[in-house]
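Residue numbers (my numbering): 1 to 314.
Simulated from the structure, these hints should not be mistaken for laboratory data.
Any given hint might turn out to be false.
[Stated by the list, open to error] Distance condition first, Cα-Cα at most 27 Å in a straight line; then the derived DSS-like pairs of lysine-lysine:
1) K73 - K203
2) K117 - K104
3) K153 - K129
4) K81 - K129
5) K126 - K285
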Amino acid sequence: MAPAKINMIDGRKDLLNSKKCISILLIITMLFLSCDDFQSEQSLTKEQIQHVHQFVGELNRSLEKFEFDFIKKVWSHTLFKRKIGKLDNIGHDVFNHVYETTVKGVVTNLNLNLINKVKHSGATLKHIKTNIMDTYAEVTYLLIEEGYYHFTKYRIDLYNGKPYLSDIYSFKDNQWFSSSMREIVLLNTKYTAFSTNRHEANKALEAYQHAINNSDYEYAFAALNQIPESHQITNEFKIAKINTAALINDSLLLKTIDEENNLEEGNSIYIDYLISFYLMDSILKEEVNARIQKEIGISKFLLDSLNTQNLVWN
């Protein structure tokens with residue numbers, strides 16, 4: 001792509017929120033074995049589909065009324081943990097400890113944030129779509145706040161005949177949070193706490209976060225590039241590099257986009273959005289808008305409204 005100019009809006013610093021997601025690699029330093037342990041699933045029946053729609057209606061009402069207890073109650077930690085897979089005895093104890101002390105709180109805060117943003121920050125929450133898959137369902141929300149918007153998609157599974165929220169989808173990474181955790185689990189199985197790669201990755205991540213907190217973007221960018229390739233397993237690293245480069249200079253931004261843009265296999269929808277945002281590429285932006293409508297389920301009218309207001313997907 002050869003853009004005429006680069007987007008220079010002040011939102012560059014606010015887009016640099018990837019440090020919150022990258023820190024998951026520092027938080028989850030587990031050492032255990034993991035493999036699939038999913039029971040065979042059957043297609044949802046008409047009655048179960050009806051239960052799902054009723055459940056979504058109750059969820060919507062609870063969000064509108066700021067009922068924190070409801071979303072806490074309907075999130076199934078049991079179903080989420082099952083997606084990680086089998087563990088040996090030591091690994092099982094370690095995983096449960098880390099999940100109960102750290103990850104569980106992260107997930108709870110993500111859920112409650114939908115209510116907190118509306119109740120305390122004047123944000124608007126909209127139910128975008130309920131999608132019935134073969135063996136499960138999905139429900140997607142749009143959170144609109146000053147200058148920005150954000151999509152949240154939950155997976156709904158039935159457990160003992162009742163619908164529960166069981167996973168959160170990352171459009172930035174193009175996968176469910178449980179899958180990202182699994183990759184991190186396998187990574188920490190391969191590279192132990194005594195390995196050079198693990199040590200270098202943690203050191204570089206800490207340096208990156210310290211530099212970001214001190215607005216030293218050049219040092220932050222250099223730190224990101226010190227992270228071993230073996231540990232750059234999620235798109236959050238690509239996003240962090242692009243956003244950080246945008247805060248340094250346009251030349252570095254163009255170079256970074258060229259390096260991180262996967263033309264052969266394609267990018268996640270968010271990375272393409274980010275590239276079109278910075279490069280102001282109208283053709284790519286049209287393609288991205290079409291993908292957002294198709295993959296996320298937002299109407300053209302609503303998406304056009306967000307774009308007309310110059311809101312940024314964060």
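> Is K117 within 27 Å of K104, Cα to Cα?
Replying inline: holds, 20 Å
>> Between the alpha carbons of K73 and K203, is the straight-line distance 27 Å or under?
In response: Answer violated: K73 to K203 is near 38 Å, above 27 Å.
> Given the proposed pairing of K126 with K285, does the C-alpha separation stay at or below 27 Å?
Replying inline: Holds. K126 to K285 sits at ~23 Å (cutoff 27 Å).
> Taking only the CA atoms, is the gap from K81 to K129 under or equal to 27 Å?
Replying inline: holds, 25 Å
> Holds or violated: are the alpha carbons of K153 and K129 at most 27 Å from each other?
Replying inline: Holds, because 9 Å separates the two Cα atoms, which is no more than 27 Å.
Consistency with the previously given hints fails for number 1 only.
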